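Take the sequence shown: its letter number 73 is residue 73 in the UniProt record's numbering, and every next letter is one higher.
These are computed hints drawn from the structure, not numbers from a lab. Being a predicted model, the structure only gives us computed values, none of them experimental. Wrong hints could be hidden among the right ones.
Estimated spans, in silico, between C-beta atoms of each pair [stated by the list, open to error]: (1) Asp71 with Met1: 46 to 52 angstroms; (2) Gly51 with Asn2: 25 to 31 angstroms; (3) Asn43 with Met1: 37 to 43 angstroms.
Each residue gets a CB set at the ideal place from its N, CA and C atoms; glycine is no exception.
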Amino acid sequence: MNMEPLLKTKRQVAGFVPYRKNESDRYEFYLQMRDEQAPVHPNMFSVFGGGIEEGEALLKALYREAKEELDYQPEHIEYLSDFETGYASFSVFIERVGADFESKITVHEGKYGAFLTFDDIVKSQAISPIAFLIAEAMHWYLKE
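Given only the sequences and the hints, what does the whole structure look like? Please build it.
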């Protein structure tokens, strides 16, 4: 039997999840509703971000993707962790943002962005597996 893996390389992705506390003192995570043309997880919530270009530094990719997708320049990011799926390796950064975050951005990719609590994410049928993993990790990290 040939022991070479069929998937020899995974797509390298820089992911970005802004978060905040809402009026009920619950954390909310800002996710992207992907459009129907998305090659992976169409019509589902996922994280903002995208592929790291060949030779591109991780942080440069993160800032480029935040600018392209949200017209936003993150200021106080934290490196949450790396997450693996069958098709990609995600390096995920988070940033606590204020109540006025949505007035500071313009969503350029996907249908729209929305703040969702962890309970919203658990109950939704439209959450990508990677978004669920990341939200769960953030939920435990933030100890809500």
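Structure-inconsistent hints, enumerated in ascending order: none
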